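Visitor: The lines below spell out each chain.
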Amino acid sequence: MKSPGVDQNAAVAALAQQGHSSQVSHRRRQRLGMIGSYLLLTILALLFVAPILFMIVGSLKPDELVLSEAGSLKAFVPTQASLQNYRDVFERVEFGRFLFNSLFITGMIVLAGLVVNSLAGYAFARLHWPGRSIILAVVIALMILPIEAIAVPLFFQVTLLGWRNTYIAQIVPFIANAFSIYLFYTFFIDLPKELEEAARVDGAGTLRTFFEIIVPVSKPVFATVAILTFLTQWGYFLWPLMVTFDEQVRPLPVAIATFQTLPPVQWGDIMSFGVMMVAPILIVFLLFQRWFVEGVATTGTKG
Amino acid sequence: MTQQPLKLKDDTRTALGMAAPALLGLLLFVALPFTLAAVLSFTNLRLGSPLPLEFSGFEQYRRIWLDPSFRRALLNNGIFALVVVPVQTAIALGLALLLNRPLRGMALFRTLFFMPVVFPMALVAVIWTIIYAPGANGMMNAFLEFFSFGLWEPKDFLHDPVLALPAIMLLSMWQGVGFQMVIILAGLQSVPMVLYEAAAIDGSNRWHQFRYVTLPLLRNSLIFVMLVTSILAFRLFDQVQIMTQGGPLDATTTVMYEAVKAAFTQQKMAKGAAMTVVFFLIVLAITILQRLLVKEERAIE
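Those protein sequence lines, which keep their order, are chains B and P. Residue numbering for the first sequence follows our numbering, beginning at -16 and increasing consecutively. Residue numbering for the second sequence follows our numbering, beginning at -2 and increasing consecutively.
Bear in mind the hints are in silico, worked out from the structure with no lab data behind them. If you're wondering where the values come from, they're calculated on a predicted model, not measured in any experiment. Heads up, the beta-carbon is just placed ideally off N, CA and C, and yes, glycines get one too. Incorrect hints may have been included.
[As the list claims (entries may be wrong)] One side of the interface only, derived from the structure: several residues of chain P facing chain B at Cβ under 8 Å:
#1 T11
#2 G22
#3 A28
#4 V123
#5 A139
#6 L141
#7 G147
#8 L148
#9 L212
#10 I228
[As the list claims (entries may be wrong)] Covered stretches of chain P, going by a simulated chain B footprint (3 or more residues, C-beta under 8 Å):
#11 60 to 69
#12 152 to 166
#13 200 to 209
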């Protein structure tokens, strides 16, 4: 049964299609392209998330199932879920200690770094002092030195100072950071000078002007530096591996590497350790995602 | 670009006070160790050695050059860079182009692709060690078997001299590609739409738009991500230490792995320092290359 109305519509549509056939096929192609993009993105996203999902699901499974089910899609299904592995981790090692060490070391570097590097960035951007440009050039040159380029001699230095196996060795060398200074410098130099001039006319000193006028309007750069520092420090492995030999001061990355080889090797336990190790940074990331992404993008435009 | 700084009498003293903590830190923990590396590399220093400290010229450099493990390390880092830099940049560019469209849900996909970046490399290495488990039950083996329709023979990736380095490359790309993607995406979003519209009016197709509008404007972003990835390729350490200890048969050893082995495990400070200097020279060469490439483009403009 056809109603005349539908026929008419179809006829109009057919006419319209004749008239704008190229446009319609263009639109159809666009639609197909869109579906194709989503399909491709979904497949890629699944591949990207698979290792993370494998870890989370594995952390909930009895140990023998982690390996026996890894070869099938069951790897991503919590077949016999329990929190036993998490309990095991706390029984077998001092996880709380490692977590505290990581939080303490990273937190101290971030906080002290924000103060020290922002002050230096401000001195370079706004104050007049002899040697300023030359020293700034040296700081910028130091930016290209990765930790690896100084790890060996720094290890020697720390050994001489008697700092091995301490928090100090893991915190103090990383507070001053050339790249952070540079990020603060480029941010401060773009601020309008009128900001400080008014304060100075009122007789406020440089330090007061900095803390009361500049810091409040510079939240974006403080957030960027904090996030980039946190991201690098939380994952540091080489340095704490060299300078620590005691669980009391070891951070999480070294602890998981040791835990991985601690007999009896239990993959489920290792995955629980991994979930708990990445949870703090993953939560911070999901909450402040915009800052993370912008922070990383900044390194691209300023690097 | 430097603006004229505010002029005040107390500036010098205040400025030095403000900059001193950071400058002192950089001096003591970056500049000094770096100089120390250069100096130590010309001595015979070995911790706990009864021999007196002596100047030994280029002896350490001669030794590391004759050290087959160190040569293999240089080769491995080079192969790693040659494969990972173009492949990872291409994938990052592809992802960025896919995400740079006014479609719904792109923010979610961006989050998913970026997520591995926040994972500490030590943890990534541990998870992927499990993924690379030998035998038909291992996840990577099962995956490859499924997609090759059963042609794939189960391998012990991390103990296979041919497959160990590619295995490490794959997880490094998984962890790092989101970082590059975000930088390229920021570059793409700064391309003015007017340029695409103009190109469309001129009747250029999408490939031409990409080739003559997008790529030239992305040039600096692409050079930057390739620089960072090349340097990362030479910094390679965590994955090797955790997954293979440089083996099998030096197939995955790296410059940093050898440097740490010399200085830390064998207490041969001078040898480790010489390797550090070589590492630094490579990083310096890559950086200079990048500066030249960027400069050249500015000159053309």
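Visitor: Are any of the numbered hints broken by this structure? If so, which, sorted upward?
Guide: Those not satisfied are hints 6, 7, 8, 9, 11, 12, 13.
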